[in-house]
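A.B. asks: Residues per chain, in single letters:
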Amino acid sequence: MISLQGLTKRFGRRAAVCAVSLEVPRGVIYGLLGHNGAGKSTTIGMLLGQIIPDEGRALIDGQDVAVARQRALAKVGAIYETPAFYDYLSGRSNLRVLSEYTGPVEPRRIDEVVRLVGLQDRIDDRVATYSHGMRQRLAFAQALLPQPEMLLLDEPGEGLDPEGIHELRELILGLNRESGLTILLSSHLLSEIQQLCSHVAILREGHLLFAGDWRDVKVREDRVRIQATPRRDAEQGLVQAGLVADFDDDGCGCLAPSASAATVARWLVEHGFQIHAIAPADRTLESFYLETTRGDAGPATGRS
Amino acid sequence: MWAIQFRNELLKLVARKRTYIGFGVFLFVEAVVLGLFALSGTTEAFGLLLTKNGLELADGYTGLTLAGGIVYITVAMLGALYMTLVSGDMVAKEVEDGTMRMILSRPVSRLRVIAIKAAVCVVHTFALVFFIGLTSLLAGALYRGGLGNLVVFAPHEGVFAILPPGEGLRRYLLSLFFIGLTCQTISALGLMFSCFRMRPATATILALSVFSVDFILRTIPYFNAFRGYFLTHHIDCWIHIFEPFVPWGRMAESLLLLAGLTISFWVIGAAGFCSRDLKA
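Residue numbers (the working numbering), protein chains in the order written: chain A, 3 to 306; chain B, 176 to 455.
Each hint should be verified, as a subset may be incorrect.
Said to hold, decoys possible - Chain B is faced by these chain A residues, among others (derived, beta-carbon under 7 Å):
hint, residue
1, Gly47
2, Leu50
3, Gln52
4, Ile54
5, Tyr82
6, Tyr90
7, Leu91
8, Val99
Unchecked claim - Calculated Cβ distances over 12 Å to all of chain A for the following chain B residues:
hint, residue
9, Phe198
10, Ala314
11, Pro330
12, Glu332
13, Pro340
14, Val421
15, Ala434
Unchecked claim - Chain B stretches covered by chain A per the calculated footprint, using a threshold of three residues with CB under 8 Å from any CB of chain A:
hint, segment
16, 185 to 191
17, 244 to 252
18, 271 to 283
These are computed hints drawn from the structure, not numbers from a lab. Don't be surprised by glycine CBs; every beta carbon is placed ideally from N, CA and C.
Whenever a hint applies, use it, and build me the whole structure from the sequences.
C.D. replies: In structure tokens, the structure reads:
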């Protein structure tokens, strides 16, 4: 459904996106991850035709955005960067004005979408009186109004409270499940992406490091979770003894090549530590993301 | 869809408070100019001018003449400012506020967005000019208790005319149309700058700078031989509508030149807008 082919964009001397190639299949929720300045928004901007690529092509449903932008975006709803509205108009007028750039819109459809995002009580108020979270909901409503088959969402959860994030997550999952919407979203909230996305693309300094189903990448067998008390002393001791390379905040570390779970357990017992658990580490998206972006492991070769 | 999008663009313009600042300021300036016309010194000077031309003060110091004077002075003083204030805002303000990103997340071409905005600028310019013209007419008529003859005296353009009430009103209304038409070039200049990467105020200031420099150079006697090259010389062609025999050929020449410039400004603005990146 989305195909990026060697997409490159430079701002002055700085390359914001470098030869990114990516395929987003129909019907998936695809996460776009990366630090600030990694190129996520620029990539979405190029997909929307708002940023003109220096090289490469962005295709939606086979239509090149640079050549046939209107056809390519015909079935796309989007939130690109921080949503902005006409503060002096009501939420309803904003929805009408923006959606009528696509085509005529039925008042009934506006009511339907407004209910879906939970703005029905304030939709006729001026947007100037809206909170950040309400603006975010309004942005989501405008993206859904043209009944899109695909959503491009740039940091959709930014500024939402925990309840708002939960509702947004449920909404995205529901849209994907019930309407089969293809959704490409960028976010800093790794836990959210983990709960939403089967596939992710990880960008660093404009380069694509990984793209695909991150759960398919084999978990490193030497990565273990060690729970022993006193925790800090045990972790320091194991690192100094050369049995474990390093520990993260969750108490997970990589065994040294010569070490095994048994040698770690023996060392802990011999040095008077109390062992609660030694088990293979569960992979979280956060650990996968950090491994990939720090380049200290080898999963960065996956492609979907 | 053009009609709906045009209507929405107008809605955006009329819903903003700052759109009305111009209209409000013009009303205030009209009142000030009318007040100045009412001062005895002004009346005496005007009476002297009329006497020299074989007329009584009552024949020329009429509601219609006052309306013409108010329009001429207020448009010359503030017309360009408020036209470029709106047209300079048209694109740059939406880009600055981020609403342009929202618009262009839709399957609408940039060219279409600019075309609709240019159309709204055209409507706004005409609306502003007719607002000034009709309110001045009302003010003049109320102050002098009727319309009467129309006396026009524009020495720089070599126009001196005394027109009877009916013909005077017809020419006055026609002049409003031609002022609106010629001012489209100023408005288009503001829109052109607005399409490039700059703040709305910068677009307005640039357009005003071009207009002001052109106007000042044109008024310097040394450059009289080159008057035909100045933009404001052609913009002021509407004044010739008051001549007893309207020089249509000369007016058409100026209007065609202005039309060419206006279209060029639109095209350059659209080309700049279509080739730029939109990113916060």
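A.B. asks: All the hints need checking, so say for each whether the structure fits it.
C.D. replies: Verification of the hints:
1. Gly47: Glycine 47/A check passes; min Cβ-Cβ to chain B is 6 Å, inside 7 Å.
2. Leu50: Leucine 50/A check passes; min Cβ-Cβ to chain B is 5 Å, inside 7 Å.
3. Gln52: holds, 4 Å
4. Ile54: holds, 6 Å
5. Tyr82: Since the shortest Cβ distance to chain B is 5 Å, the answer is holds.
6. Tyr90: holds, 5 Å
7. Leu91: holds, 6 Å
8. Val99: Because about 5 Å separates valine 99/A from the closest Cβ in chain B, which is inside the 7 Å limit, the hint holds.
9. Phe198: Given a closest Cβ separation of 16 Å, the condition holds.
10. Ala314: At roughly 30 Å from the nearest Cβ of chain A, alanine 314/B sits farther out than 12 Å, so the non-interface label holds.
11. Pro330: holds, 45 Å
12. Glu332: Its Cβ never comes within 12 Å of chain A, the nearest being 41 Å, so this holds.
13. Pro340: holds, 43 Å
14. Val421: Since the minimum Cβ distance to chain A is about 43 Å, valine 421/B lies beyond 12 Å and the statement holds.
15. Ala434: holds, 29 Å
16. 185 to 191: With 4 residues closer than 8 Å to chain A, the segment 185 to 191 of chain B meets the three-residue bar; holds.
17. 244 to 252: violated (count 0)
18. 271 to 283: Holds: 11 residues of the segment 271 to 283 of chain B have a Cβ under 8 Å from chain A.
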